[in-house]
Amino acid sequence: MKGERIGWVLSAVLHVGVATVALVGLPSLHHERPAPPPPIDIDFVKIADKTTAAAPKAEKQQEQQAPQHSVAAAEPVPETATEAMPLPKPAPKVKDIPKPTPKPKVSEREKLRNSVRVHAKPKPPSRLKLKNISSVIDRALKEEQIATKEGKKQEEKQVAKKKEEAKPDPFAGIRGRIAAASLRDALSQKLAKCWTFPRGAKGVEDMQVTVRIYLRPDGTLARIPEFVGVGDLNDPSRGFYRTFAESARRAVQLCEPYKEAMQYLPKGTGYIDFNFSGAEFAGD
Amino acid sequence: MVTRIKHTIVATMTALLAVFVFASAAQAQLKVDVTRGTIDPVPIAIPDFAPVKDIETPAGKLSDIGASISQVITSNLVSTGLFRAVDPAAFIEKVTAAPTRPNFAAWRPLAAQALVTGRLELLPSGSLRVEFRLWDVVAEVQMEGVGYTTPVPNWRRIAHVISDRIYSRLTGEEGYFDTRIVYIAETGDPLHRIKRLAVMDQDGANQQFLTDGSYLVLTPRFSPNRQEITFLSYFKNKPRVYLFNILSNRFEVLGDFPNMTFAPRFSPDGNKVIMSLAENGNSDIYVMDLPTRKVTRLTNDPGIDTSPSYSPDGKHIVFNSDRGGSQQLYVMDADGSNVHRISFGRGRYATPVWSPRGDLIAFTKIGERKFRIGVMRPDGKGERLLTNAYQDEGPTWSPNGRVLMFFRTTKYDNKGGGGHPRLWSVDLTGYNERQVPTPYDASDPAWSPPLPVTKK
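Heads up: the sequence lines are chains A and B, in that order.
When the letters of the first sequence are read in order and numbered with the numbering used here, they come out as residues 41 to 324.
When the letters of the second sequence are read in order and numbered with the numbering used here, they come out as residues 1290 to 1745.
No wet-lab data here; the hints were simulated from the structure.
Predicted model only: the values in this text are computed from it and were never measured.
Incorrect hints may have been included.
[To be verified] No more than 30 angstroms apart at the CA atoms, straight line, and that leaves these computed lysine-lysine pairs for DSS-like:
| # | chain 1 | residue 1 | chain 2 | residue 2 |
| --- | --- | --- | --- | --- |
| 1 | B | K1342 | B | K1383 |
| 2 | B | K1320 | A | K299 |
| 3 | B | K1320 | A | K242 |
| 4 | B | K1383 | B | K1350 |
| 5 | B | K1659 | B | K1704 |
| 6 | B | K1561 | B | K1484 |
| 7 | B | K1604 | A | K242 |
| 8 | B | K1704 | B | K1670 |
| 9 | A | K242 | B | K1561 |
| 10 | A | K242 | B | K1704 |
| 11 | B | K1604 | B | K1583 |
| 12 | B | K1484 | B | K1704 |
| 13 | B | K1583 | B | K1527 |
| 14 | B | K1583 | B | K1525 |
| 15 | B | K1700 | B | K1659 |
| 16 | A | K233 | B | K1320 |
| 17 | B | K1659 | B | K1670 |
| 18 | B | K1350 | B | K1320 |
[What the hints assert, rightly or not] What follows is a list of derived Cβ distance ranges for each label pair:
| # | chain 1 | residue 1 | chain 2 | residue 2 | range |
| --- | --- | --- | --- | --- | --- |
| 19 | A | G243 | B | I1483 | 57 to 65 angstroms |
| 20 | B | R1373 | A | V58 | 35 to 43 angstroms |
| 21 | A | G259 | B | S1414 | 54 to 62 angstroms |
| 22 | A | N274 | B | T1438 | 41 to 49 angstroms |
[Claimed, not checked] A partial selection of chain B residues facing chain A, derived with a Cβ cut-off under 10 angstroms:
| # | residue |
| --- | --- |
| 23 | Q1318 |
| 24 | T1324 |
| 25 | I1328 |
| 26 | V1331 |
| 27 | D1425 |
| 28 | Q1431 |
| 29 | V1435 |
| 30 | D1490 |
The beta-carbon is built from N, C-alpha and C at its ideal position, and this holds for glycine as well.
Given these sequences and hints, build the entire structure.
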């Protein structure tokens, strides 16, 4: 019985351990490479709303929709864009500011008068007559009641709006998928500008390689890009494939940073797999 | 008890499943397909090779030789159209002979993706030692590092060998710079043309004449694995097929053929020569076994069969024939069986040559009042024309199957000019057309296999 209990405890501890590793991620155990040299200037790619970003019409549409946004500002997903916006800078601290003296207590009636001053139209004091004071106060009270009612209405509206916002958006999934697809297209186009390989090499049309990258929060590479499932690249008989794979890795490094992807990979926990295909480099 | 064990197993499995699902969800990932790229030349920086000690040698000062080596390498790589040399005036770091890693931060702003550094020294034996390193500027790693020792006057060849190593490492294909071209050098007026057999490095350097022009020479072809040439010459008006060894400068008559002989060409193993022989106005394909000199007839058709070329595995032969009414390309097995036509386009097809890679056949296409160089797959599909000048003909493949060399004859003009053949090269994709420098008019080129390099 005691042995069983120990077994359960051990099992639980191990499970927690595995879950922790899954959460934190094994990659985080690797050492980050030293900061890279100054990045090379790279043309940013505009991110379209549609996945067929290569078509010139689509680019025009995008320009019409958001002509005032630069690429850096027009990050693809509006929902998460607000999260990525920089926070306002804190105001500079001012030393030795005298503490404000406590205001003298104001009676309810005076408060009322103050509110009247705010809402009522100013009139020349010479025209104010004592006999009309009571009527002025009555009017002020009425206005106060109206203002309170309007405030309540506004509050109710805001609550209703919040409730509406709290409801699950039936199109959120579709929007997310479109945003991800658009980001994939943008990254694909971006990499196409960085990837160079000789045309017409024998068998290049059948070659594929996957390069995996992990990113820092600023979009720069957190470590040297990895090849996924390529086998032994030092095999002398695979010299051509090695060159192909290295050209893909070089492209990924040249295209750094990947700021646009950070909205999709929050907190730098995920990775991007770039699947390079050589079909385009066939000589035909 | 058994039930409890079952429960435990089920609980464990469920927990493990949950962990795996959780793990995959925890690592957000994005998959991006990259199916396009650029074919812009790769920027490469090649500073002058630095001498360990700048001393005078029979071939000049070591610093001058170092500069010349880097120039030859640059010229070789740029001539492929796959590389662009970074302007040396923009270099920030001065490369010295000290064996240190380069400062990559000084090369990245120049957009150089690759960097070649080298050093050279004169050994006590009087030999020249040249060392080079190829660096990946982006990944900041050394990709290649090799040293060569050679007699000092041989520095140019070292430059070609280094070019081959760099090309091979950066493209994955074998290089073709340490090779030679044999061709027909033509001088004199059109009616009294003197044709001499000539040989040169692939970049046009080291020109040599192998014959003096006393006899007409035609169709020189390199052995695919030896520094040996076969060619046709008319000796006392009789066609003879010769063998010539470049290294030993030795001629050998392969045979006297009483009738017209055309286009002798080696088999891939270098042990046979295939050619066409004409008899009674009909030309057919024959093969000669070199060790035994036994001749075997491969085709027997009333049409004119000529210009045979072996596939690199030696199993098939492509040739052109007019047996179907017009000059077209045919492929047959090496024993002459299974003949089938592969070209069906408009116009006529001539001088087919099978690529050393085996995936393409180059040819001369005649039509629309032009001679143009084209390629197609061995099954006849994927035909592409690579050139579009007035008269391009006689293609020959580089040993890696990447580049074609041919000769281009200029059009005659009203003033009696034109009609001059020159050597040109083009990439198999149709890009990067370049003239190969020759001192005289030149025709009928043939590319050698890579020259032998002795390893320690």
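Return the numbers of the hints above that this structure violates; sort them in rising order.
Going through the list in order, the structure violates hints 8, 10, 18, 19, 20, 22, 28, 29 and 30 and respects the others.
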